[in-house]
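Please take these sequences and the hints and turn them into a complete structure.
Just so you know, the sequences run in chain order A and B.
For reference, each letter of the first sequence is one residue, going 0 to 319 in numbering that gives the first Met the number 0.
For reference, each letter of the second sequence is one residue, going 0 to 362 in numbering that gives the first Met the number 0.
Just so you know, the hints here were simulated from the structure itself, not pulled from any lab data.
Some clues are possibly wrong.
[Said to hold, decoys possible] Partial selection, computed: residues in chain A whose CB lies under 7 Å from chain B:
hint: 1; residue: Thr-217
hint: 2; residue: Phe-221
hint: 3; residue: Gly-226
hint: 4; residue: Ala-230
hint: 5; residue: Val-277
hint: 6; residue: Ile-285
hint: 7; residue: Thr-286
hint: 8; residue: Trp-287
hint: 9; residue: His-292
hint: 10; residue: Leu-312
We put the beta carbon where it would ideally sit given N, CA and C, even for glycine.
Residue strings, one per chain:
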Amino acid sequence: MTPERLALRDAVRSLLDKHSDVRAAIETPHGYDKDVWARLCDIGVLPIPERYGGSGAGQAETRIALAELGRTLTPSPLLASTLAAQALLATGDEEACARLLPRIADGTVATLVWPWDNAPASLHGTARYVLDGDLAEILLATDGTDLYEIDLAGVTREHTPTMDQTRRLATVHLAGAAATRLGRWSPGIRDVALAALAAEQVGAAARALELTVEYTKTRVQFGKPIGSFQALKHRMADLHVLVETARSAALAADDEVSAAVAKVYCSEAFFKVAAEMVQLHGGIAITWEHDAHLYLKRAHGSGQLFGSPAVHLERLRAKI
Amino acid sequence: MDLDLDASTLEFQAEVRSWLAAHVRPLSSMDTARGFEEHRAWERLLASERLSVVSWPSSYGGRDASLLQWLVFEEEYHASGAPGRVSQNGIFLLAPTLFAHGTDEQRARILPSMARGDEVWAQAWSEPEAGSDLASLRSTAVRCDGGWLLRGQKAWSSRAAFADRAFGLFRTGPGERHRGLTYLLFDLRSEGVTVRPIDQLDGEPGFAEIFLDDVFVPDADVVGEVGDGWRVAMSTAGNERGLTLRSPGRFTAAASRLVELYRKNPDPALRDRVVDAWIGAQAYRLHTFGALAHPPSGPAASVTKVFWSELDVALHETALDLLGEVAPGWRDGWLFSLSGPIYAGTNEIQRNVIAERILGLPR
Numbered sequence: 000m001t002p003e004r005l006a007l008r009d010a011v012r013s014l015l016d017k018h019s020d021v022r023a024a025i026e027t028p029h030g031y032d033k034d035v036w037a038r039l040c041d042i043g044v045l046p047i048p049e050r051y052g053g054s055g056a057g058q059a060e061t062r063i064a065l066a067e068l069g070r071t072l073t074p075s076p077l078l079a080s081t082l083a084a085q086a087l088l089a090t091g092d093e094e095a096c097a098r099l100l101p102r103i104a105d106g107t108v109a110t111l112v113w114p115w116d117n118a119p120a121s122l123h124g125t126a127r128y129v130l131d132g133d134l135a136e137i138l139l140a141t142d143g144t145d146l147y148e149i150d151l152a153g154v155t156r157e158h159t160p161t162m163d164q165t166r167r168l169a170t171v172h173l174a175g176a177a178a179t180r181l182g183r184w185s186p187g188i189r190d191v192a193l194a195a196l197a198a199e200q201v202g203a204a205a206r207a208l209e210l211t212v213e214y215t216k217t218r219v220q221f222g223k224p225i226g227s228f229q230a231l232k233h234r235m236a237d238l239h240v241l242v243e244t245a246r247s248a249a250l251a252a253d254d255e256v257s258a259a260v261a262k263v264y265c266s267e268a269f270f271k272v273a274a275e276m277v278q279l280h281g282g283i284a285i286t287w288e289h290d291a292h293l294y295l296k297r298a299h300g301s302g303q304l305f306g307s308p309a310v311h312l313e314r315l316r317a318k319i
Numbered sequence: 000m001d002l003d004l005d006a007s008t009l010e011f012q013a014e015v016r017s018w019l020a021a022h023v024r025p026l027s028s029m030d031t032a033r034g035f036e037e038h039r040a041w042e043r044l045l046a047s048e049r050l051s052v053v054s055w056p057s058s059y060g061g062r063d064a065s066l067l068q069w070l071v072f073e074e075e076y077h078a079s080g081a082p083g084r085v086s087q088n089g090i091f092l093l094a095p096t097l098f099a100h101g102t103d104e105q106r107a108r109i110l111p112s113m114a115r116g117d118e119v120w121a122q123a124w125s126e127p128e129a130g131s132d133l134a135s136l137r138s139t140a141v142r143c144d145g146g147w148l149l150r151g152q153k154a155w156s157s158r159a160a161f162a163d164r165a166f167g168l169f170r171t172g173p174g175e176r177h178r179g180l181t182y183l184l185f186d187l188r189s190e191g192v193t194v195r196p197i198d199q200l201d202g203e204p205g206f207a208e209i210f211l212d213d214v215f216v217p218d219a220d221v222v223g224e225v226g227d228g229w230r231v232a233m234s235t236a237g238n239e240r241g242l243t244l245r246s247p248g249r250f251t252a253a254a255s256r257l258v259e260l261y262r263k264n265p266d267p268a269l270r271d272r273v274v275d276a277w278i279g280a281q282a283y284r285l286h287t288f289g290a291l292a293h294p295p296s297g298p299a300a301s302v303t304k305v306f307w308s309e310l311d312v313a314l315h316e317t318a319l320d321l322l323g324e325v326a327p328g329w330r331d332g333w334l335f336s337l338s339g340p341i342y343a344g345t346n347e348i349q350r351n352v353i354a355e356r357i358l359g360l361p362r
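Spelled out as structure tokens, the structure:
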């Protein structure tokens, strides 16, 4: 990592250490802490060029921030707004970029309705599992060919609670809403989404393992820290290998194949680490009070988001 | 292997099947106050047909059913989608201990009300610092006039939030670790008992901590000899790890549901895992039927515990992957399956038992 990126990582980590409280955030009406989100926007984690009011951060910087948000499971509109901003930039529509990107850079929640679940792209249908879909003030959608700005006046939408309370998802009914064409839809947004999510998954997996290692160093049974038992040590060593290889897969994601690889590998790695986190903690991880179940539920939810590993394996099979 | 059932077992199977078909209803979660009472009422209904404890002697409310008939009952029970057993800790853990180590007086006093669900039992073995290392437990029972006074703290006590009574291990001395422990029964509503429910990862209080502050237990509620509690507890711990707590019926039923789920959501990428899970359930069933003459107990029960608990996780994870983000009907089962490799002695402990006591590897 370059010194600038390390500094960004440290700034985000220190912000989240001080201000992020996932339990409090998921109890708020919007499911995220608006103050934390405002501070993230101030740091400039959104991938928006300076000429559109952004910080000039690129996708690499955004992924660094997403990894940090993954570590603490902090709910935030970053993923949704990133995808909307990138889809907008890809149209090359100067007017729309100049009008909408500065607002997004300032923290206005934006989201994108796109057919990641392989449902036919439509401007008149119902989209499920839309990130921040019930909160977004800027709503973009694609019909598979072009990108449109949707007039919220004609849209009905509702929060869709899922097992993972740390990610806000909604069902959005577009039928009857007015849509303004902005420019061409870029299918490469899928790769942007998969790579961004993989970064977040790796951050969460790494933290889940850290917490597990810390616990096994302090929990004493049979007169020793349980982390001294080889049966547990080897499992955590294997998990470390998994997290580090997942990190490499996420970092390498920059085209269709590598993004799909990252999605499959990081989804499976995170799920494995979170499931082992529960087992290595034992009874305490079965409690609501302990955070292990939050990691586990996030792992399951993010595995399904933007298509399950099985879906992307099928794509890869066809591709390679 | 010949799995054909004899005429009387077939008749029993038909009776159980039709009774369940007529009576099974969905109930609220047993880890809520309302759901707990619904499950207690279900136990009473089962008992009214002498179906709550079929393998027990008829004098205690059972049917003297053979182990084979019990397995058949369990298969029918799980296949019917019948509710979880709120009384299972008593029926499958305490009752075998009373049959082996209790007195006639204790059996006559305790078992019929357990069979009817009038008294629901919780297990009070683990403590905050004594989980896998159970022998390090520190709660004490001190001699007093006519009995014992319990003092200390128990943890991870399933059902204790709403149960009536508990069975536990307490240090009576002399000696350390496995020595000087006594197996005692106590009332969760006695003076000096504080129960603090703990919410589980599904948000419901499935287990609790129990704080004991000079809780009186009469001599009549000591099971086995004073100071012999470890042997008394361990002689039947195999029931928890082995087949009685987790009969194959539970897994064959879940495997059938999984296959049905696959038919509705076919996903070639997951086909092998569905089939593997189904094979696992069949293998466990065959293993159990094959072991009928010599049911697994002691160290052999550790083999089945590792097998069924990891099978249960695999079954549910596969279902979840088939379903995606929203997993109605499977989510609670999945979350519960995650505790399988932890309770009843973690699978790490089971593997130590297998390695040291079956394979004879050095400690």
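Against which earlier hints does the structure fall short, listed by number upward?
1 and 3
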